[in-house]
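Q: Single-letter residue listing:
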Amino acid sequence: MSTETLVPYDEALARYEPVLGIETHIELGTTTKMFCGCATEFGAEPNTQVCPVCLGMPGSLPVTNRAAIEGIIKIGLALNCTIVEWCRFARKNYFYPDMPKNFQISQYDEPLCIDGYLDVEVEGETYRVEIERVHMEEDTGKSLHVGGATGRIHGADFSLVDYNRAGIPLVEIVTKPIVATGDKAPLVARAYATELRELVRALGVSDVRMEQGSMRCDVNVSLMPKGASEWGTRSETKNVNSLRSVERAVRFEIERQAGVLDAGGRVIQETRHFQENTGSTTSGRSKEEAQDYRYFPEPDLVPMAPSREWVEQLRAGQPELPAARRARVTEEWGLAEKELRDIVNAGALDLIEDTIREGADPAAARKWWMNELSRRATEQGADLAELPVTPADVARVSGLVAEGTINDKLARQVFDGVLAGEGSPDEVVEKRGLKVVSDEGQLGTVIDEVIAANPDVADKIRGGKVAAAGALVGAVMKATRGQADAGRARELIIQKLTS
Amino acid sequence: MLNEHAAHGTAAAGQARGGGAITREEVAHLARLSRLALREDELDHLATQLDDIISAVARIQEVAAEDIPPTSHALPLTNVFRTDEVRPSLAPDQALSGAPAAEEQRFRVPRILDEEA
Chain A
-1 MSTETLVPYD
9 EALARYEPVL
19 GIETHIELGT
29 TTKMFCGCAT
39 EFGAEPNTQV
49 CPVCLGMPGS
59 LPVTNRAAIE
69 GIIKIGLALN
79 CTIVEWCRFA
89 RKNYFYPDMP
99 KNFQISQYDE
109 PLCIDGYLDV
119 EVEGETYRVE
129 IERVHMEEDT
139 GKSLHVGGAT
149 GRIHGADFSL
159 VDYNRAGIPL
169 VEIVTKPIVA
179 TGDKAPLVAR
189 AYATELRELV
199 RALGVSDVRM
209 EQGSMRCDVN
219 VSLMPKGASE
229 WGTRSETKNV
239 NSLRSVERAV
249 RFEIERQAGV
259 LDAGGRVIQE
269 TRHFQENTGS
279 TTSGRSKEEA
289 QDYRYFPEPD
299 LVPMAPSREW
309 VEQLRAGQPE
319 LPAARRARVT
329 EEWGLAEKEL
339 RDIVNAGALD
349 LIEDTIREGA
359 DPAAARKWWM
369 NELSRRATEQ
379 GADLAELPVT
389 PADVARVSGL
399 VAEGTINDKL
409 ARQVFDGVLA
419 GEGSPDEVVE
429 KRGLKVVSDE
439 GQLGTVIDEV
449 IAANPDVADK
459 IRGGKVAAAG
469 ALVGAVMKAT
479 RGQADAGRAR
489 ELIIQKLTS
Chain B
2 MLNEHAAHGT
12 AAAGQARGGG
22 AITREEVAHL
32 ARLSRLALRE
42 DELDHLATQL
52 DDIISAVARI
62 QEVAAEDIPP
72 TSHALPLTNV
82 FRTDEVRPSL
92 APDQALSGAP
102 AAEEQRFRVP
112 RILDEEA
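Residue numbers (this note's numbering), protein chains in the order written: chain A, -1 to 497; chain B, 2 to 118.
If you are wondering where the hints come from, they were derived from the structure by calculation, not from laboratory data.
What you are looking at is a predicted structure, and each value in this text was computed from that prediction instead of being measured.
The C-beta atom is built at its ideal place from N, Cα and C for all residues, glycine as well.
Treat the hints with care, since some could be wrong.
To be verified - Residues from chain A that face chain B, not an exhaustive set, calculated with beta carbons under 8 Å:
hint : residue
1    : GLY41
2    : ASN45
3    : ARG64
Unchecked claim - To be clear about the criterion: a stretch of chain A counts as covered by chain B if any three or more of its residues have a C-beta under 8 Å from a C-beta of chain B, and this derived list gives those stretches:
hint : region
4    : 159 to 169
5    : 190 to 202
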């Protein structure tokens, strides 16, 4: 079905106004599942974390995990939501093998958290994304479709189901329609997903790893002619699994729907799938009949009525949230906007802050993490945080430089040693003999030798060509294996030859 | 009638169901949702039975007054929670013991139609 005519993005935006809606599912990082005591470890052998409750066996009864409810309340509070005083779980009935109970426990018309917002920034401008609801539910099992085109539902001969994921606490966050973003719509969508991920990560309630599926976005897009007041029909692109894909999916849908509308067609309300390799979306099932889940209040679980004391206690325990933190470090470290963005993107914010807490000065902490160590992480294809060097190590190295025991060049060798597992910075300095040669007598001896070995250069300097000293400084550094103070060596060379 | 209930969700779940409770078409719709392949004669049979059952239950309407909120839970309890501690799971062979078919330590199920939740 590649008969679609895409309208170039700018042209589409000249005629149409996009309206977005984003539904995000986040798996909470609790130790056990939502309604049973099965472990939730990612990547476990299939069907090793299952029990009668999450397999939906007759007679089993769910009991709500308190930690999951605390997790969703923390998310709700961070999103400026009202935490309702009373609500129920609802049974969402559907017959599909990813849920062995033949229903999913969810929430319907009584979500736990309502009416919040999240401010996101795009190109220096703030957009307020309003949150409709945040509700609690359980994740489904994972199906592997075998036969036909492998991994695809179409043409599969049979499916193999692993229920380890079934019943893992899942929080669904639904935005209100996001309007008036114009050509920034794809960026706003991405910024929202990014900020939401940062927020939830800061709360420590989920690892929010999109590539592992612990955060997944469904992106709704519709177009209306510019100046119109009635929204168009929306498409829903499911399970978009990277931040970049969120942006691309919105962009593609704008181009595609503009093509449909320009041709006098009608956008079909349907589910679409994002294709990572082409950046396009393809049509999923179009619903023959309206979804009919026959929701009703879950009879096996009593209502939840989070006390105001509990909610306030959770509010008081909230950590500093990303937006507040960014404002603080920008101020404290004297950063430009771009510098802050680089730090955040490099995943260095925590590391730098911890390094400063260990006594390093902000500029030095930032310099080591963002230059030297970032380079090494890139070389190894690792995340900065995965390098076998701690903020305390970096603080110690920067302390050694500050006190003059080593210089920057030696510091790099210290990092070599630490990363190679040779021990703490002090141990590496000791073992590798990396101290700056600050003994003037010893340095003087080396300089005398270097002068003697390079009579031509020495003569030039004597004749007034002070710039030639560089060659001798280089020789001194080489002779001391980088351990001399280059500036001091230069001073001494010139002193010896010109006075 | 049932479609209307679905549309209104839980709010409507406890409300009036009236007499002449369920049609044959509605039973066919429910069967489709439940992935049950009912024969024509089974549909006739079940429609009649279900109609009787629902009509019987509907008699509750005769006593339910406007100002009585629908009851979803008989127990006067809220906030029943457990601590986040691991309990033993089943061994995979136990978990799969009731499965009609298993493969690669997974439940093997028939080809899934082109639809999902």
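Q: With reference to the structure, classify each hint as holding or not holding.
A: Now the hints, each set against the structure:
no. : hint       : verdict
1   : GLY41      : 14 Å, violated
2   : ASN45      : 5 Å, holds
3   : ARG64      : 4 Å, holds
4   : 159 to 169 : holds (count 3)
5   : 190 to 202 : violated (count 0)
In summary, the structure is inconsistent with hints 1 and 5 from the numbered list given earlier, while agreeing with the others.
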